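Novice: Which chain is which? The protein sequence lines are X and R, in order.
When we follow our numbering, the leftmost residue of the first sequence carries the number 1, and every step to the right adds one.
When we follow our numbering, the leftmost residue of the second sequence carries the number 1001, and every step to the right adds one.
The set of hints was computed from the structure by calculation and includes no laboratory data.
Misleading hints may appear alongside valid ones.
[As the list claims (entries may be wrong)] Straight-line alpha carbon distances no greater than 25 Å define the calculated BS3-like cross-link-like pairs of lysine-lysine that follow: (1) LYS109/X / LYS2/X; (2) LYS1064/R / LYS1010/R; (3) LYS109/X / LYS1040/R; (4) LYS1064/R / LYS1002/R; (5) LYS1064/R / LYS1019/R; (6) LYS1019/R / LYS1040/R; (7) LYS1040/R / LYS1010/R; (8) LYS1064/R / LYS109/X; (9) LYS1064/R / LYS1040/R; (10) LYS1064/R / LYS78/X; (11) LYS1002/R / LYS109/X.
Keep in mind the model is a prediction, meaning the values are calculated, not measured.
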Amino acid sequence: MKAAVIVSPGSNCDRDVQVALRQSAGADPIMHWHGDPDLPYVDLIVVPGGFSYGDYLRAGAMAAHSPVIREVVARANKGVPVLGICNGFQILTECGLLPGVLMRNAGLKFICRDVDLRVEAADTVFTRAYVNGQIIRIPVAHNEGNYFADEDTLNRLDGDNRVAFRYCTPDGEVIARANPNGASRNIAGILNEARNVLGMMPHPERLADAALGGTDGRPMFDSLVEALAAAA
Amino acid sequence: MKARVHITLKNGVLDPQGKAIEHALGGLGFSGINEVRQGKYIELDLRETDETSARAAVEAMCEKLLANTVIENYEIDLDA
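With the rest of the complex left out, here is chain X:
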């Protein structure tokens, strides 16, 4: 599997994604600078977390118009899997690959802690190593993670089973108390219509190695390696 990690000024989870991909795929991804529109042929593109362009204007707004993102959008539209994590999710909504927007956390505080997630869509290249209804524990670290979209969009996401993860209690209950940031319908991650683009606020790369205290994030990278090896 050939993967590319997009690096913008202010990305800070690019190295963690690199390590997680290396661990699952056995090969290093390409670390691709945002200003270079010539993205090599790859099977997977990851837009990692961080504070691209210092979150100027809106989180992800500037990076969404960087030269390489135009190419990322074109590849996504051709079916190449694109994973956006945290700031990467914000960038994918700002560039139009995913609907809605990530607003300021309802509690106005930066949240950095582990959260419980319920896997809602285990039928994708990103999530096939999980099972539907599985509860996983993965960290979030964000100030703008409050997913918002109009009711029609939310209904469409639910109707098409495009919500990949929801914030839940350790028992798997999707209730307001388990919602860290005020996200509509406890949404932590969503898919595009073709299911080859996933955006999520939690950081699977931060818990993909037992030395870090957990491995609930690792199946995401294993899923991708398995799915993309099978497709090649």
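Chain R: place on chain X using the hints.
Specialist: Positioned in the frame of chain X, the structure of chain R alone reads:
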């Protein structure tokens, strides 16, 4: 020509920052505030001198970058 762009959250979109400001003003003894909504103000100095073209250009800027129209409205004022 100067363009002044006001970007505000749409009605119905929760504004936690506005709420926090409202609360703090209340704490300072300012009473009689029904609601506070926070937005952004952007000033552009344009070479364009024709008002119609300037407005069209700034509208395109708002749609493409300055505002996120999922949650935000924008208003443009032009100064000759």
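Novice: Each of the hints needs a verdict: does it hold here or not?
Specialist: So, going through the hints one by one against the coordinates:
Taking the CA atoms of LYS109/X and LYS2/X, the gap is near 37 Å; set against the 25 Å cutoff, the hint is violated. Between the alpha carbons of LYS1064/R and LYS1010/R the distance comes to roughly 17 Å, so the proposed pair stays at or under 25 Å and holds. Among the hinted pairs, LYS109/X with LYS1040/R is consistent with the structure: their alpha-carbon atoms are about 20 Å apart, no more than 25 Å. With a C-alpha separation of about 19 Å, the suggested pair LYS1064/R and LYS1002/R falls inside the 25 Å cut-off, and the hint holds.
A distance of roughly 28 Å separates the Cα atoms of LYS1064/R and LYS1019/R; the hinted pair therefore is violated under the 25 Å criterion. At roughly 16 Å between alpha-carbon atoms, LYS1019/R and LYS1040/R fall within 25 Å of each other, so this suggested pair holds. With a C-alpha separation of about 13 Å, the suggested pair LYS1040/R and LYS1010/R falls inside the 25 Å cut-off, and the hint holds. Straight-line distance between C-alpha atoms of LYS1064/R and LYS109/X comes to about 28 Å, which puts the hinted pair past the 25 Å bound.
Of the supplied pair hints, the one linking LYS1064/R and LYS1040/R holds, its CA atoms being roughly 16 Å apart against a limit of 25 Å. Between LYS1064/R and LYS78/X the alpha-carbon distance is near 23 Å, which keeps this suggested pair within the 25 Å criterion. This hinted pair does not check out: LYS1002/R and LYS109/X have alpha carbons roughly 36 Å apart, beyond 25 Å.
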